[in-house]
Amino acid sequence: MFKYLRGAFSNDLSIDLGTANTLIYVRGRGIVLDEPSVVAIRHHNGQKIVEAVGMEAKRMLGRTPGNITAIRPLKDGVIADFQVTEKMLQHFIRKVHENSWFAPSPRVLISVPCLSTEVEKRAIRESALGAGALEVRLIEEPMAAAIGAGLKVSEANGSMVVDIGGGTTEIAVISLNGVVYSDSVRIGGDRFDEAIVNYVRRHYGSIIGDATAERIKQEIGCAYASSEVREIDVRGRNLAEGVPRSFTLNSDEILEALQEPLAGIVQSVKSALEQSPPELASDIAESGVVLTGGGALLRDIDRLLANETGLPFVVAEDPLTCVARGGGMAMEMNDKRNIDLLSS
Amino acid sequence: MSEELEPQTQVTPGPGGKLALERERQGKSREQIASALNIQLDKIVALESDQYEKLFSVVFTRGYLRSYGKYLGLDGEALVREFEADFAKAEAPAAPSESLNVKMSASRSVWPGRVALIVVLLALLGGVYWYMNLASPEVVSQAEPAALPESAPEPSRFSGSQADTDAAATLDDTTPDYTPAIELVASGDGESGLAASENPSVALDEPAVDETAQDTSEAEAPQEQAANVVRDMSIGTTSSADGTILDELVLRFDNECWLEVLDSNGDSLVADLQRENTSLTLHGVAPFNVKLGNPTGVEIALNGDVVAVPDADGADKVVRFDVDSKL
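Protein sequences appear in the order of chains S and Y. Using my numbering, the first residue of the first sequence is number 1, and each one after it goes up by one. Using my numbering, the first residue of the second sequence is number 1001, and each one after it goes up by one.
No lab work stands behind these hints, which were simulated from the structure alone. Glycine residues also receive a C-beta, built at the ideal position from the N, C-alpha and C atoms. Hints may be right or wrong, so weigh each one.
As the list claims (entries may be wrong) - To give an idea of the chain S side of the interface with chain Y (calculated C-beta under 10 Å), a few residues:
id, residue
1, Ala149
2, Lys152
3, Asn157
4, Glu286
5, Ser287
6, Leu291
7, Arg303
8, Ala306
9, Asn307
10, Thr309
11, Val315
Claimed, not checked - Beyond 10 Å from chain Y on every Cβ pair, some chain S residues (computed):
id, residue
12, Val50
13, Ala80
14, Glu120
15, Glu126
16, Val179
17, Asn198
18, Arg201
19, Glu219
20, Ser268
21, Ser276
22, Pro278
Full structure from sequences and hints, please.
Here is the structure:
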């Protein structure tokens, strides 16, 4: 009863519960929260106490004392730590309802990887309910990404979207408000970071942290050879000497480091195109493929995929927020026009 | 004719026109561009002539402009901004209004619901307050007779809380013969009970029995309890139809016992089986003739005075005796 009462004073939320970042879109207000999916837990007398969530917790990653653990509760797009995810969601939902009279109990739409199992979907649903949601609905990530990117998903015309997230890359062919083909590979931004860490260890004998690897990726990372070579100075702990050492990396080296995960994505896209129905494949070949997600910000990834497949690839406007925005728009369409785009 | 058109296209080239000019300046053909970017030739033509409606959607137009600009060494983002400023509004006038509708509908859909909820809540609270106010005077009026110290007899353990709790059971166990006495007592609820103590004739002129019978049949448990409370509180306050003060006989049963009680006229007040741990209050004119099937554990009080129960004789344990206030 009280939950319904509180629900009347809460906003409808679309949540992109990503491995790397969690974004919340509120109807009529747009993206209101974009924070890392990181929670810092303090262990005290055998109890787990949430020390920090989001941006603050991310700053603690790799810099915590023994009794604090900064963890990412989602792995490969699905919940790895149920309780921590619940706490994190609770924190974020409260944060977007800071001026509310009551403890919020909103209707929530959460995007899930398209190949999530029923158990994984249930974990996400239960976690959101535990965090205080009044009602939880799920939508497949590529469908939300396509809507958020501005693709005309309701037309009898094939559209293809590739959403490169932190944990997974989702590929889907969409037509008439439905997913005709979808695939999900566990390659994403995290694998890019991991590949950079491994490359540095192999070639420079130094260890760098995940945060440093992410910064390298964002600043000089690229997916296609270019005449413009960028450089970055980084510091890592030398394995042989055990002391911090500084060295310079360039974009060609990072391109080499990223070859393996990029090849995985290219292969998945090719596989999706092979398995698309001929009519829809023809539509896609004519119009092109849309890239969304944080991975789409990797320099020249559209060029790499275009070269490998022979199709035009375009990066969506504001690719990081496509899924959250698309989820919000799907809710709207569902309520106003009774178009069901949501996953069961 | 062509001379007239040319200066116009020269003066206001859109982002596509700028791309065409740059391509020509670099000496590249449309085919080369189409091949390099994997975009179909007719789309390149549409783009260069700023005919964006021939492209699929805004998302692709933006992407093509960005890729094409980047390929020619232009600022793709600037081209996209220019496209959005000059052409997106003209191309899709519905888009901004739709987004406006989304915002408006969001606010419309949330606030009426909230206002309606607040109104319903206030109405509910008002209803509860009204009901409480409506119900409370009855309770107060029923309790009023108990607050009259002069009419209440000296309290005995029979009129205590135990008797109160057992009163409901007593009411259920009574026979039709006993009903008048019970009804008379039960009619002491509310105003009639108070009236009986102050002005018995007025109270008895009223069809108190009928009212009580209706109350008894229709009343729910709380009302029954309230009536019982009043009955126990009104010991010694009842009177007969001709104004004679009635005696009160209270019987308490620790064990199961059959009994029959006759009043001074020989009328049966009760003839029934009483369950253990119950009590019974009767009103009539003493002396009472009492017959107990199992006198063990039976305690009797007449007008608040405890009466000794004779020991049972023989195996059948039945005792017959008279209870009189004059004794």
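Taking the hints in turn, this is what the structure says about them:
{"no.": "1", "hint": "Ala149", "in the structure": "holds (5 Å)"}
{"no.": "2", "hint": "Lys152", "in the structure": "holds (6 Å)"}
{"no.": "3", "hint": "Asn157", "in the structure": "holds (8 Å)"}
{"no.": "4", "hint": "Glu286", "in the structure": "holds (6 Å)"}
{"no.": "5", "hint": "Ser287", "in the structure": "holds (4 Å)"}
{"no.": "6", "hint": "Leu291", "in the structure": "holds (9 Å)"}
{"no.": "7", "hint": "Arg303", "in the structure": "holds (8 Å)"}
{"no.": "8", "hint": "Ala306", "in the structure": "holds (5 Å)"}
{"no.": "9", "hint": "Asn307", "in the structure": "holds (8 Å)"}
{"no.": "10", "hint": "Thr309", "in the structure": "holds (8 Å)"}
{"no.": "11", "hint": "Val315", "in the structure": "holds (6 Å)"}
{"no.": "12", "hint": "Val50", "in the structure": "holds (30 Å)"}
{"no.": "13", "hint": "Ala80", "in the structure": "holds (33 Å)"}
{"no.": "14", "hint": "Glu120", "in the structure": "holds (30 Å)"}
{"no.": "15", "hint": "Glu126", "in the structure": "holds (26 Å)"}
{"no.": "16", "hint": "Val179", "in the structure": "holds (18 Å)"}
{"no.": "17", "hint": "Asn198", "in the structure": "holds (31 Å)"}
{"no.": "18", "hint": "Arg201", "in the structure": "holds (34 Å)"}
{"no.": "19", "hint": "Glu219", "in the structure": "holds (18 Å)"}
{"no.": "20", "hint": "Ser268", "in the structure": "holds (19 Å)"}
{"no.": "21", "hint": "Ser276", "in the structure": "holds (17 Å)"}
{"no.": "22", "hint": "Pro278", "in the structure": "holds (18 Å)"}
The structure shown violates none of the earlier numbered hints.
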